[in-house]
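S.K.: Model the full assembly from the supplied sequences, consistent with the hints where possible.
Chain residues, written in single-letter form:
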Amino acid sequence: MRRIRTVTSRVQETPSTVTLRFFDDLPAAPGQFVMLWVPGDDELPMSLSFCEGERGVTVKSMGATSAHITRLQEGDKIGVRGPYGNQFDVAPRHILLVGGGSGTAVLAPAAEALVRGGGELTVALGATTGPELLFAERLRPLADAVHLATDDGSEGYHGFVTDVVTRLITMQSFDAVWTCGPEVMMSKVEAAASRVGVPVWCSVERHMKCAVGICDACALGPFHVCQDGPVFPGATLRRLEEFAHSHRDPSGRKLPFGSPPPTTLPPSS
Amino acid sequence: MADLRTRVGALELRSPLLLASGIWGESGVSLRRAYDAGAGAVVSKSIGSEPRDGYPNPTIEEYGSWGLLNAMGLPNPGMVAYRGELAAARQGGAVVIGSIFGHDASEFRTLALAMAETGVAALELNLSCPHAEGLGSEIGGDPTLVTEITRAVKEAVPLPVWAKITPNAADPAALAVAAVAGGADAITAINTVRAMAIDVDLQRPVLTHGLGGLSGPAVKPIGLAVVWQIYERVQIPIVGVGGISTVDDALQYLLAGASAVQIGTAITHGGAGLFSTLNAGISHRLDELKIPSVTALIGAAHRGTQSV
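Listed in order, the protein sequences are those of chains A and B.
Using the working numbering, read the first sequence as starting at 147 and increasing by one per residue.
Using the working numbering, read the second sequence as starting at 7 and increasing by one per residue.
Incorrect hints may appear among the rest.
Listed next, with one range per pair, are the computed distances between beta-carbon atoms [claimed, not checked]:
1) R284(A) - D42(B): 53 to 59 Å
2) T283(B) - R385(A): 53 to 59 Å
3) A16(B) - V342(A): 55 to 61 Å
4) D321(A) - G98(B): 33 to 39 Å
5) P277(A) - T283(B): 40 to 46 Å
6) H308(B) - A213(A): 54 to 60 Å
7) K400(A) - D42(B): 17 to 23 Å
8) T154(A) - D177(B): 48 to 54 Å
9) E18(B) - A337(A): 54 to 60 Å
10) T283(B) - A337(A): 37 to 43 Å
11) E18(B) - R385(A): 32 to 38 Å
12) D42(B) - R239(A): 32 to 38 Å
13) K400(A) - I228(B): 35 to 41 Å
Read the hints as simulated data drawn from the structure, not as lab findings.
Glycine included, C-beta positions come from ideal geometry on N, C-alpha and C.
M.R.: This is the structure:
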């Protein structure tokens, strides 16, 4: 059921990423998402980056509406539906967390729940450049090690985080990998982990409309990301021809990854 | 075991439960999933000539167990791109009904020809979407246009043609009569009921489009009345749709005069498994009632009653 909430705080996490917090009383679990509506603009699926106390979303400015969300201020009103979808299994074990860019947003609350329950955590984060590395300081006290990678080499390893993961996963023993980020990155993480027999859980994203499993906008193979996901086993995704290859625009046309993001609205001012 | 088979005109169906248009129809794989779960047939998304994004979100307002309000705005990839989805849906033998929408008889005719080439078992004409300018119920509310469009499609293709009519008219059954005059093979009724949501905190409509259509259990009594009235006025089969989520909901539509029914909103809670659950439930309920087949129920509630 939709409710209107007031933004209680706004934190600029990175140059392109903002966290908005709001009060809510519906139970939420790490991995789940809400449909976040900016009245007068669009409504987008947003993974919760904070699931307890004041809920939070951490949003990267990508298109017109997400840019609008990052400009919201304390006191602004937002519409919220959900939380929807499944969740990460936070049972205690040793998890390798692999976050690409703003994908780390959904992984951070799962990491906190894991460690609180007695699990162990190793972290690998990637971003285009050092200042865009998200939640490194939030995760550092939880993890035995935090490995960083940047495309421009400004911080940590100079290159893709997938290189770091490929090395880590053969040197250390992990019970599972959690990953969220660009789909091509997740696909490479899945390939590296499956070679050494480590199961992977990926949080995936698709264009979404209803979020209640009927409109088919977020169809991915025989699944609906809104109800069957957004967290899927890597072994399941590997068998889908769309994974890391294509997504659907608002009309339902398949587009290869890398083409311009779909827009349904003119840019908001 | 009661016989679940039914027919809509010449089209034989293994179950009276069909997937309604607009539900799961963007992807052929999803349509196939509903068929494999036990649907008698699946109706495609309503397809137009060109790709159409539909309205920006919010396109949905949820009302818990009793309904769902939507103004999707007929999103679809266009007839050309949709061929691949239909091919994927039909792999493995799924029975697919192709839904089309257009602005006038000529556009409906062109789309019907293209849809017929994909191997669908029948066409469903969307004359009833309540939230798209110049489309759906804006033309489907005019009996003259209903006749004209139905006739244009019937003359163009050899397939059975189902006219899906709107409940948002003073006399919906008159629209069914108009479709019969155009040569329709069946009537699908109802589409969603025009409705809207307004937020008090924001003092504005919730849906981007303002007006939308209500579906789900709240509209079942409305759908039943429309099917009942149509049954009294036309001789062709009726496909009932509107708020069906339980075995008895489906049987009520059959008793009102439907030869088959479509399921939509209930999928949000039941998923594909709803088809197998309801198929088993209908079979069990008919055994309980000592009724041998689904077809024995069609229109049975009219017997011995006066026209309402």
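S.K.: For each hint given before, does the structure comply? Return the numbers of the non-compliant ones in rising order.
M.R.: 1, 2, 5 and 9
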